[in-house]
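Student: For the sequence shown, the UniProt record's numbering assigns the number 1 to the initial residue and increments by one for each residue that follows.
Treat the hints with care, as some may be off.
As the list claims (entries may be wrong) - Dumping the calculated DSS-like pairs for lysine-lysine here, alpha-carbon to alpha-carbon at most 30 Å:
1. 124 to 86
2. 95 to 83
3. 84 to 124
4. 81 to 124
5. 83 to 124
6. 81 to 95
7. 124 to 139
8. 124 to 95
None of these hints come from the bench; they were simulated from the model.
Predicted, not measured: the structure shown is a model, and the values here were computed from it.
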Amino acid sequence: MSCVGTVGKSNPVFMLLQTHKGTVTTTILNRRQASTRYSQGIPGYAVQDASVEDQVCVRCPVDRTVVASRGTDFVFMPHSKLKKCKHRPRVPGAKWEYLYGPRPGSIITEGSHVVAGRALYNHKQLQQCQYRYTVLVRKCPPLMLPKYVDAHCSRGNVWGSECELVCHQGYQLRGHNVTACGDQLMWTNPLPQCSVTTDCPLPMSPSHGRLSCHTPDGSVSSDLLPEGSVCRYMCDEGYSVPESESHLLVTLCTAAEWNSTADPSCQNNTQPQVGQYQRDAVHHTVRVRHRAHTHAVTHRQVEHVYVDLKIDQHYAYVQKTEKVRTGMINAQVWQSLRERERERDRQRQGNSDAAASEKDEEVEKEGKAE
């Protein structure tokens with residue numbers, strides 16, 4: 001391919017010899033009439049006539065195809081660049097002016113995009129240019145998901161996309177729970193199957209306690225335990241499960257459900273407890289039964305459960321049931337309870353003396369009346 005040439009300054013010649021396609025005519029003109037003539041639709045070269053001392057020859061951008069990077073389905077549009085003519089020096093003053101199509105720096109997705117512009121030199125148009133910028137996105141075959149399986153993928157089936165595979169609610173996954181579109185455009189793992197679940201969700205550990213679970217095959221998958229698993233509740237040191245909840249200490253997984261209706265609670269052994277009777281009460285008033293006198297009842301919402309507590313040194317016991325150690329009593333609390341009891345005894349004695357005095361007065365009045 002050739003560009004512009006001259007044959008001496010006294011006899012300027014503008015010559016456009018050949019392009020990569022099409023037919024070109026050559027015209028010799030004088031200095032004032034210097035111009036270019038070439039057949040329409042012949043892109044490729046932009047020239048300036050020989051009247052300019054420094055001759056200019058540039059080429060339009062050519063069609064280009066690019067492949068999106070791994071894990072993406074787009075590219076950023078680069079800046080369009082003019083090319084120098086073959087066997088000719090680079091032209092620093094030649095510039096590209098954008099007309100239409102994707103702008104430099106913009107995101108372009110999969111497909112073929114037309115870009116148009118023009119070549120300028122000294123603010124004069126040399127030629128209009130048009131080229132195609134094509135984006136290819138590498139992909140794996142679409143996932144053919146089995147029944148009851150859903151896939152959550154980072155980029156669909158695009159090269160490098162990672163997918164999490166999950167089952168519909170009530171179904172259990174058997175197989176791999178992840179797969180990815182690899183470099184060979186094949187999925188890295190086979191698809192799983194989903195079947196009706198018989199597993200149980202992992203029980204919640206109680207406050208101040210923990211769980212010890214045993215499975216039939218010794219395996220644990222995610223947050224599920226297989227059917228036949230047995231879990232035992234245990235409390236931390238200083239805490240224990242009330243005897244009334246002892247039947248909840250062990251639970252068995254059967255047909256996706258635990259056979260217990262509630263979870264046990266771990267209660268502090270260092271404080272006097274009325275435990276399960278106060279846990280869901282709207283309000284409660286606790287007094288203490290000491291010796292033969294009853295001064296305490298606990299009120300529970302919906303039904304009233306009367307709980308008598310007996311103070312025996314530092315221990316409290318629930319009456320009307322088996323004797324259950326509910327915890328040690330703080331010495332200061334114990335002293336306060338004793339002081340209250342003595343005050344009540346004094347009040348009762350005072351009331352008794354007042355009643356006796358009134359009776360004596362009545363007897364005396366009756367004697368005088370007689």
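Student: Does each hint fit the structure? Answer for all of them.
Tutor: Right, here's what the structure says about each hint:
1. Note on residue 124 and residue 86: the hinted pairing holds, with a Cα-Cα distance of about 22 Å set against a maximum of 30 Å.
2. This hinted pair checks out: residue 95 and residue 83 have alpha carbons roughly 10 Å apart, not beyond 30 Å.
3. Under the criterion of a C-alpha separation no larger than 30 Å, the hint pairing residue 84 with residue 124 is consistent with the structure, at around 17 Å.
4. Restraint check for residue 81 and residue 124: satisfied, since their Cα atoms lie roughly 17 Å apart, inside the 30 Å limit.
5. Distance check on the hinted pair: residue 83 and residue 124 sit about 17 Å apart at the alpha-carbon level, within 30 Å; holds.
6. A distance of roughly 8 Å separates the Cα atoms of residue 81 and residue 95; the hinted pair therefore holds under the 30 Å criterion.
7. Straight-line distance between C-alpha atoms of residue 124 and residue 139 comes to about 45 Å, which puts the hinted pair past the 30 Å bound.
8. For the proposed pair residue 124 and residue 95, the alpha carbon gap of about 10 Å is at most 30 Å, so the pair holds.
Of the numbered hints given earlier, the model fails hint 7 alone.
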